[in-house]
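**Student:** Make the full structure from the sequences, and use the hints.
Protein chains: 2
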Amino acid sequence: MTSQISEPYKIGDGYKAMLQFQSTNVNENQQILNDQNSKNKLTLSDKLKNWSIQGFENHNIRDELNRIMSTSEIFKSNELDITKEANRVLVLKQVLEITRGIFEKGLIQITDLRDDPSKILAFIDIVSQFDDPSLMTKLIVNNFLFGAAVFNLGTDRHHKLLPDIQSGRLLGCFAMTELGHGSNVRSLETTATYDPKTDEFIIQTPYRTSTKWWIGNAAHAQIASVFARLIMDDGKDHEVHCFLVPIRKSNGFDLLPGVKIGDVGAKFGLHGVDNGWIQFDKVRIPSSNLLDRFGSVENGVYSSPIKNPSRRFANILAQMITGRITISFGSTRTLKSGIIIATRYACKRLQFGPTSTSPEIPILSYPTHQLAIMPMIASTYAFDAIKIYLGKRFQERTDEAEIHVLASGLKAITSQFTTVSLVELRKLCGGHGYAGYSRLGKILSSIDVGRTFEGDNTLLLQQVAKDLLTQFKKEYSGNKFTGTLKYLGKNTSLLLSGMNPITTMRSDDTHLLSFQFLLDCMEFRSSKLLIQSAQTVSKNYKKTKESFTAWNQSLEILIHLAKAHTETIILQKFIEKVQIEKDLELSSILKKLCQLYGLYIIREDFEFFRNSNYLKKGKAKAIIKLIGQLCSDLSQQAMVLVKGFGNEEYMINSALGMEEGDLYENICKQVGGPFTKDNYIQSKL
Amino acid sequence: MTSQISEPYKIGDGYKAMLQFQSTNVNENQQILNDQNSKNKLTLSDKLKNWSIQGFENHNIRDELNRIMSTSEIFKSNELDITKEANRVLVLKQVLEITRGIFEKGLIQITDLRDDPSKILAFIDIVSQFDDPSLMTKLIVNNFLFGAAVFNLGTDRHHKLLPDIQSGRLLGCFAMTELGHGSNVRSLETTATYDPKTDEFIIQTPYRTSTKWWIGNAAHAQIASVFARLIMDDGKDHEVHCFLVPIRKSNGFDLLPGVKIGDVGAKFGLHGVDNGWIQFDKVRIPSSNLLDRFGSVENGVYSSPIKNPSRRFANILAQMITGRITISFGSTRTLKSGIIIATRYACKRLQFGPTSTSPEIPILSYPTHQLAIMPMIASTYAFDAIKIYLGKRFQERTDEAEIHVLASGLKAITSQFTTVSLVELRKLCGGHGYAGYSRLGKILSSIDVGRTFEGDNTLLLQQVAKDLLTQFKKEYSGNKFTGTLKYLGKNTSLLLSGMNPITTMRSDDTHLLSFQFLLDCMEFRSSKLLIQSAQTVSKNYKKTKESFTAWNQSLEILIHLAKAHTETIILQKFIEKVQIEKDLELSSILKKLCQLYGLYIIREDFEFFRNSNYLKKGKAKAIIKLIGQLCSDLSQQAMVLVKGFGNEEYMINSALGMEEGDLYENICKQVGGPFTKDNYIQSKL
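If you read the protein sequences in the order shown, they are chains A and B.
If you read the first sequence in the numbering used here, its first letter stands for residue 1, the second for the next number, and so on.
If you read the second sequence in the numbering used here, its first letter stands for residue 1, the second for the next number, and so on.
One should not assume that every hint holds.
Claimed, not checked - Output of the computed footprint for chain B on chain A, the stretches with three or more beta carbons under 8 Å from beta carbons of chain B:
1) 51 to 61
2) 179 to 190
3) 356 to 365
4) 599 to 611
5) 663 to 669
As the list claims (entries may be wrong) - Over the 12 Å line for every Cβ pair with chain B, so calculated as not near, a few chain A residues:
6) Gln109
7) Asp116
8) Leu428
9) Phe472
10) Glu546
11) Leu584
12) Val640
Stated by the list, open to error - As a list, the in silico DSS-like pairs of lysine-lysine whose alpha-carbon atoms are at most 25 Å apart:
13) Lys260/B to Lys669/A
14) Lys621/B to Lys539/A
15) Lys617/A to Lys625/B
Treat the hints as calculated values from the structure; they're not laboratory data.
We treat Cβ as the ideally placed atom computed from N, Cα and C, and that holds for glycine.
**Tutor:** Set out below in structure tokens:
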């Protein structure tokens, strides 16, 4: 949309005022000029960018994605008022362009889930910068939910489908959730009943509540990976397994007999994703369509390498990890977009000055603004640190259970933080933040569902807590905590040192800014909450004699424990990364960010730290003051810090978030033109 | 949209499980049956409903609005995927239907702003229940922003326009905000230069940044109330005044010469409001079009009854109070809609049970769910109490400056709480909350702007803080605090009693649940923050010798003070209302809600209460435990409590929020039908 608003007059005096925060950026550009003889010298923002993607740089994949997305016209739509139908067609075109350009060319394969996960992380890292998160979701649904089901749950006979899936020739959908069951997937109702006469399964939707719901790609998929209860001809229910069920006639739109599909309809966001509902009425599939890695039917007999149904189902669900990692990686990229937009706006937007005639000042000058934005910037770098760690573990695939727990906790923390932050960032950008041209509303409403899909956050945090309590029990019987849980082994001594009256009172800057203090706080909290959680569950069990109820009655502390533990790991890994950084300029700024993140997290949970006597009031007040100082200091470098996020400039696509140019000229370029007469005939009374 | 999903099978066993929370409701219905002989006996939810609208019952207005909105087809659209163009046309039709049915019939007049504000409050209270907040916004823009400008800022010669404005024959818009200035309205740039030769003003947009921005009704208005700098022919700038500027040819769409109007475009929400931008190039208006209550030009000479330009402008802005009160009243109604939806869903949605074969339990059974929803319900009743008080004050119009401060604080508190709560409620409803048929996304994205328009919340809270500090200064020079500030006069003795070691330790239920304790906490906090704020500003002034900077450097505590004070008044008024309630059943439940609200607010600011030594750790822990108990207790009556909100059932319009019927049947009635082939031709590769 071209600008309809000209500047026939002169630039407002108010806007001529010095943009103090931009000057940081000017300095950085100046530095580049000064260093032009030493071509290899990187700016601080370049260093930050490189730091944040360690282990999944994969430049060839990034370059090729950037080439496709920056040149192809279908990624350039500035259209904001678009019907969901048109949006879905557009996103499908985008999906196919990327599928062909990346997967068909072999730059990534679905088998890289096992062979080289870093490729997939780099892929997510670029695609999730696009300002319509529908694209990411739809790509993931086909290749890393449907495709991953075929790869992870199937065996050789199914794997031959992978080339067609990843090239987009065979589009699939992942039919797990039902109308009546989302979190409690073990109670899914769809049935797959074995018919020995024909060696087939009959897929059936027995109740309305068993209708498959939210199924992404439902409008375009030719085949579905359907989670259904495997019931043998003797009536025995072997619980939920996954089956490949063709739903449409080959390469066409028409449905196969017995399949009914509809549109779940409008949503809060993700308008470009075709979420549908699917019902099956006596749909027959050959028994070989059972994805049979964890349970198979041969010659009419069911068998499984895992006898315990709970453990078997846990193995089936374990593949969900890709979705969770995608959300952690993807939502922090979206968070970065939001922070970039709000920070650049806050540096360029001037409002109020000392007198009614003096120049106005950038809104980032206000401490309330700094206190809101700077901890978000620090948290984002903390998330980058844990992403680097998680990426490395995902690549190495050692102790997959541990990675699974960490990925679950991180998904819950990052997705909640992203949504809540975007809600705040919208407000910080005022009316302009509410406008479509800011893109904040679009990314907020789309990314928000990250708190729900791939495992509701409250459920995921319970999984983390459950794992911690299980390990705690083992610790009692002599097995030591290992891996990311190792720090919990120190708990007794920690609890004691935490109560040292000198430490709890000490409130000088050197102490409060030390990594040791920050870590001690975090580790003390998790350890104490772990012990208290175990006591609470046990006490409630003694009262109720019923483990389900005892667990539920303990939920508040269990969720608290899971968050505390995940935040501890985030801080640990951030500190580790800062400590090994050799570049002084880089380590110096990362250190400040790490200090701000740590103190911010501690302040967010003063309730715990004060009530457990770990911090005395003087110390707590000193922390508040330090946070204010760090926010003020770091705000001077805000423009460099958000450039250091490394989001591709061409994908920011927000009139408020452009690094270059006049804020208001950028807005006018994206704003709408005259109202059209046709639509407003009603205004004539 | 009719249901596309049939129930060809049987109802899911899982769904047959006992709905324990609904039984509360069943009990209430049972009670009605039992009491059928005493027809006058009200249910508890009826009593709650009547309680919450005291002083602005105005049943004739409510009844007529309900008649119009429940019968007219244009209010029944279930369409969720609608273009902004179509949405705007629909909302305009709705506006005109209400304007004709209510205002033209004389049930309410714009002059009721002065004569009987309760009518306007009743009007807001019904219209804001409609599931598209665009309707409320557009009605307010015409009648209570544009119309109020004419009424409050104009004189007799302008008031003759009021009948045409309120009947919808003359649609207007309120052109205050500019592209470059929203919060700092005193620095608006549009000029109105007096031409003595023709006794006219020339309206001019001097810079791009001076373009009027966000102007609601811009597509439909024939006239604008334009805020512009009044500049006399001697060049003297008399600062911002308001002028009536015709923008369209009579009753038509075409623009008058020199007027340029365009669409601000897509937004996060409020898609039905035609927000536009307007530029003026040498547009001439007769001098009589100046709304001249606070400043006039007669025979070429400017004069004003208020000599001080700051005070004059403050008087002009004082009319904004209607907008702020509308947002407080309107956004709490929207919050109620959201809570009703999430609570009924939480009672009907079952997930997980003690074993994989036992019945599942309603998700409201989970303590984490109760801890999230029940404080929202309690807060809503607290907001109702302060609304009753504010409504009474608004009606009596005594000490308008005090009402203005209270309305500003309340607007900031309620709008922020509403947005943040709706974000949480969406998550609590899981995937179904994300679906359009929940209506949560639509109301969230629309109401969110309430934090920004009619005064950015951070700005409004600063106004509250500024007033408190001004009164504090006066107190020092012998003037006593009056009205809602009276409690601050007790501060010295309070500060002392707060430090009483026995009180700070006492942690028995009787003490913690006593209104006296809750009030003491609140009043101690405001008083202490007031003293600290004064000290902080004064200290910063000594450092900087510059009041603008000194104020800005103190922002964190000033905002804290403003929130604390507003929350104190809310709790005070809630307690007062509960204490005078004679109906035992009603006062008993309100008392619990009031206790929960008070303890919840205290816990939210443990940082302050613990760091100021007002609460010792044992007491803080006892509060946390009590909150859990109150949430659990009150959750048993959740269905009654949300019915007691009194929202009209026909306007809830959410598949999750229906009081009656099967949850999943309700969803299926609203969900979309089959995907259409035309839109998905791209799926054929």
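**Student:** Which numbered hints turn out to be false for this structure?
**Tutor:** Hints 1, 8 and 10 not satisfied by this model.
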